[in-house]
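Chemist: Sequence:
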Amino acid sequence: MRDLLRSRQTQTNIYGYLLLLPSLIFLVLFTFYPLARTMYNSLFYNKISLPNPEFAGLGNFRSLWDNEVFWKVMRNTFIFVAGTVPISIAIALMMALFVNKAFRGSGILRTLFFYPTVLPTIAAANIWLFIYTPNYGLLNMVLEKIGLSSFNWLGDPSTALLSTMIMMIWKEAGYLMVFYLAGLQNIPKDMYEAAEVDGGKPSYVFFKITFPLLMPSTLFILIISTTHGFRMVDHLPIMTGGGPNNASNLLLYYIYETAFSSWNTGLAAALTLILAVILLLFASFQFFGLDKKIHYN
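Position 107 of the sequence shown, counted from 1, bears residue number 168 in my numbering, the numbering being contiguous throughout.
FYI, nobody ran anything at the bench for these hints, they're computed from the structure. It is possible that part of the hints are untrue.
[Unchecked claim] Here are the in silico distance ranges between beta carbons for each label pair:
| no. | residue 1 | residue 2 | range |
| --- | --- | --- | --- |
| 1 | E254 | E129 | 56 to 66 angstroms |
| 2 | F159 | K269 | 11 to 21 angstroms |
| 3 | F164 | S211 | 34 to 44 angstroms |
| 4 | P83 | N213 | 45 to 55 angstroms |
| 5 | K269 | E129 | 46 to 56 angstroms |
[Stated by the list, open to error] Derived lysine-lysine pairs resembling BS3-like cross-links, with alpha carbons at most 30 angstroms apart:
| no. | residue 1 | residue 2 |
| --- | --- | --- |
| 6 | K269 | K162 |
| 7 | K162 | K133 |
| 8 | K250 | K269 |
| 9 | K250 | K162 |
| 10 | K262 | K250 |
| 11 | K262 | K162 |
Glycine is no exception: its CB is placed at the ideal position from the N, C-alpha and C atoms.
Construct the entire structure; sequences and hints are all you get.
Modeler: Put into structure tokens, the structure is as follows:
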């Protein structure tokens with residue numbers, strides 16, 4: 062009897078592994094192999110001026126350590142993520158709390174909040190390029206109406222990065238709002254009714270009921286928005302091209318420039334590996350650090 066049960070269990074396990082096999086093949090082809098190949102390429106000098114790649118060991122990483130542009134790009138990237146992610150999450154939560162209530166026109170308002178997400182990033186970048194354009198851009202026209210002078214928002218190193226961050230917050234907040242809406246609608250209504258009977262104030266209800274029960278949604282949103290923040294690149298060719306003087310350049314765009322403008326694929330592989338390690342560290346912290354402090358029941 063035991064042999065029969067073991068045989069059935071073995072067949073079930075084999076059947077399960079066979080069902081997972083297609084996903085495993087795609088994971089190996091499009092994740093594990095590219096990562097291994099990137100690690101391998103990062104150990105070689107591979108420039109267009111070299112007929113054959115030359116083994117460099119950690120030479121590419123050492124050259125990045127002494128590269129001022131690399132550190133400037135890293136600083137821009139962390140500022141971009143640290144600025145866009147928390148603000149986008151906060152705005153998304155406020156929008157979700159507002160449109161979650163049943164009132165006339167709430168469906169239209171949800172559509173308006175979500176509309177920037179539907180736009181391709183390039184289209185959104187073109188819209189904001191017009192808004193920021195000196196002299197006849199929408200923002201500068203408003204400034205001139207109130208007596209202030211026109212300003213080149215994307216051409217000034219002190220404001221270029223901030224200007225791109227505002228555009229990205231505008232685009233991403235509506236997307237994150239959808240996840241908060243789903244989380245809000247899963248909160249039991251009787252908890253709010255009990256709080257109302259006990260005379261709980263709105264602030265008390267939010268911090269003691271709503272926000273704690275939204276923490277699983279918040280963790281998920283934090284992970285995807287952080288990952289997305291590090292991968293943002295589509296807007297840069299349209300708005301700033303990474304300039305002026307790399308003031309708005311981000312890591313992924315710097316990888317693209319290194320690989321396809323400078324044709325230094327070895328250095329680009331080293332940069333890609335650094336980006337992968339950063340994302341891995343953030344994901345590990347969020348999963349194994351924050352996840353333990355969240356109650357799902």
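Chemist: Sort out whether K269 lies within 30 angstroms of K250, counting only the CA atoms.
Modeler: holds, 14 angstroms
Chemist: Using the Cβ atoms, figure out if F159 sits within 11 to 21 angstroms of K269.
Modeler: holds, 20 angstroms
Chemist: For the pair E254 and E129, does the Cβ-Cβ distance stay inside 56 to 66 angstroms?
Modeler: This hint holds: roughly 60 angstroms between Cβ atoms.
Chemist: Looking only at beta-carbon atoms, does the pair K269, E129 fall within the given range of 46 to 56 angstroms?
Modeler: holds, 49 angstroms
Chemist: Check the following: the C-beta atoms of P83 and N213 are separated by a distance inside 45 to 55 angstroms.
Modeler: holds, 52 angstroms
Chemist: Please verify whether K269 and K162 have alpha carbons no more than 30 angstroms apart.
Modeler: Holds, because 19 angstroms separates the two Cα atoms, which is no more than 30 angstroms.
Chemist: Taking 30 angstroms as the top limit, are the C-alpha atoms of K262 and K250 close enough?
Modeler: holds, 16 angstroms
Chemist: Is the hinted range of 34 to 44 angstroms satisfied by the C-beta distance from F164 to S211?
Modeler: holds, 40 angstroms
Chemist: Against the 30 angstroms threshold, does the CA-CA distance of K262 and K162 hold or violate the hint?
Modeler: holds, 17 angstroms
Chemist: Holds or violated: K250 with K162, Cα cutoff 30 angstroms?
Modeler: Holds - the C-alpha atoms of K162 and K250 are around 12 angstroms apart, at most 30 angstroms.
Chemist: Are K162 and K133 close enough, with their CA atoms no more than 30 angstroms apart?
Modeler: Not satisfied, since the Cα-Cα distance of roughly 44 angstroms exceeds 30 angstroms.
Comparing the model with each earlier hint shows a violation of hint 7 alone; every other hint is respected.
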